[in-house]
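Participant: Starting from the given sequences, assemble the full structure and let the hints guide the process.
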Amino acid sequence: MLDVYNILPHVTSLPLPFRIIGHLLRIVWMVLTTIYAIPPYLVWTFLVFPLRFFYLDFYWMIEGFLFSGLLAIISSWLITGQYQIIETGDDINYILDENVLLIANHQSTADVPALMDLMHSKANLSKRVMWIIDSTFKYTHFGLVSNLRGDFFITQGKDARDSTLQQLRSHLRSTFHTIPRKWLVLFPEGGFLRKRKLASQRYAKKQNLPVLENITLPRVGAMQVILEEMAERKTVANNNSINNDPKFKYVVDVTIAYPKGRPLDIHGIGIGYWPPCHILMHYRIYPANKIPVDNKGLTDWMNELYIEKEKMLGNYYKHGVLLSMTDQQKRDFPRIGARQISPDLLGDLLYHTFYIVSAYIQYTVISSILRNWW
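Quick note on numbering: the UniProt record's numbering labels position 277 of the sequence shown as 277, and the sequence is numbered without any gaps.
Do not rely on the hints blindly, as some may be mistaken.
What the hints assert, rightly or not - Derived DMTMM-like pairs (lysine to aspartate or glutamate); straight-line CA-CA distance at most 25 Å: (1) Lys311 to Glu213; (2) Lys311 to Asp300; (3) Lys197 to Glu304; (4) Lys290 to Glu213; (5) Lys182 to Glu310; (6) Lys330 to Asp57; (7) Lys158 to Asp332; (8) Lys195 to Glu229; (9) Lys290 to Asp265; (10) Lys195 to Asp265; (11) Lys197 to Glu310; (12) Lys247 to Glu310; (13) Lys249 to Glu304.
No lab work stands behind these hints: they were computed from the structure.
Predicted model only: the values in this text are computed from it and were never measured.
Facilitator: What follows is the structure in structure tokens.
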């Protein structure tokens with residue numbers, strides 16, 4: 001199979017003058033892809049928006065195609081930078097069509113594009129994912145996309161905690177099952193590692209918990225709301241309260257690991273600042289109905305989960321031991337070895353072509369209308 005990640009030399013391997021030129025070219029390319037992708041997505045979505053009132057399924061089919069194209073473009077940033085996603089752990093291909101809550105450790109701005117690359121590599125998954133993301137991104141260009149897709153923006157901080165969790169509960173009830181979504185993505189740590197590490201360590205000392213270096217102790221508020229509203233339960237005390245909406249059948253824990261514990265970032269990926277590397281994603285699949293929902297039970301379960309993640313990350317960073325070798329827990333799904341995500345070059349090229357042509361057509365039409373109008 002053609003190694004698409006190593007067809008051309010990486011920017012960081014070039015002599016300094018050419019390296020600078022290479023970085024500048026990647027900046028131009030990243031800006032161009034953003035310009036010819038995001039505005040056409042917004043315009044097409046606006047044009048087909050009336051379908052939501054007459055033919056909702058068709059609207060979401062079109063939106064899913066458009067969003068998959070955006071993820072193809074983000075994926076191409078990683079491919080051309082030679083940043084490869086390596087999967088280990090439980091094989092999530094068995095549950096792609098199930099309702100799933102995905103939780104992941106959060107280290108940097110590279111986590112989201114890396115997860116998007118993962119979603120893009122799985123057939124039809126990328127368009128069926130709802131994201132819970134920080135409210136600071138709400139008014140960015142990609143925040144506009146998330147708004148249209150029904151993603152949820154969570155506000156951090158004690159003052160907004162109760163109101164935000166209530167908004168999340170309402171959003172899940174009103175939105176998740178009214179649009180074609182199967183997976184929900186949550187970062188339980190509530191922020192980047194570098195920002196939360198010291199506070200998490202102080203809290204751990206007060207609570208006589210292990211002091212973590214490579215991740216932070218998770219916050220359980222949002223996850224508790226999600227499990228209360230959406231997780232399958234073995235029994236229901238009051239049959240009159242049964243909600244017939246599909247429930248989350250599994251919780252997938254993803255441990256994201258970067259080389260030597262140094263997280264990449266979105267800007268470094270864009271300009272090719274970081275040398276070629278592997279980004280590891282280790283999966284652990286748990287039945288949702290076996291996870292406690294009460295605050296203490298869930299807190300203990302999550303703390304134990306993250307302490308195990310710390311051990312896996314520590315062994316990988318210090319000794320190069322793959323996360324799958326440290327993970328000795330017995331679970332129900334077949335495991336995979338170190339599997340590299342293979343990009344669909346032809347499909348990605350067609351998405352790029354679609355958006356370039358869309359940008360040209362929309363620019364031509366809008367320019368003509370404005371000239372005639374004025």
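Participant: Next step is simple, just say for each hint if it's right about the structure.
Facilitator: Against the structure, the hints:
1. Lys311 to Glu213: Holds, at roughly 10 Å.
2. Lys311 to Asp300: holds, 17 Å
3. Lys197 to Glu304: Judged against 25 Å, a Cα distance of about 17 Å means the pair holds.
4. Lys290 to Glu213: Status violated; Cα separation ~28 Å.
5. Lys182 to Glu310: It is violated: about 29 Å lies between the C-alpha atoms, which goes past 25 Å.
6. Lys330 to Asp57: Roughly 40 Å between the alpha carbons, so the hint for Lys330 and Asp57 is violated.
7. Lys158 to Asp332: At roughly 38 Å apart (the allowed maximum being 25 Å), Asp332 and Lys158 break the hint.
8. Lys195 to Glu229: Violated, because 30 Å separates the two Cα atoms, which is more than 25 Å.
9. Lys290 to Asp265: Violated - the C-alpha atoms of Asp265 and Lys290 are around 35 Å apart, more than 25 Å.
10. Lys195 to Asp265: holds, 14 Å
11. Lys197 to Glu310: Between Lys197 and Glu310 the Cα gap is close to 13 Å, so the pair holds against 25 Å.
12. Lys247 to Glu310: violated, 30 Å
13. Lys249 to Glu304: OK: Lys249 and Glu304 at ~21 Å, within 25 Å.
The structure is inconsistent with the numbered hints 4, 5, 6, 7, 8, 9 and 12, although it conforms to all the rest.
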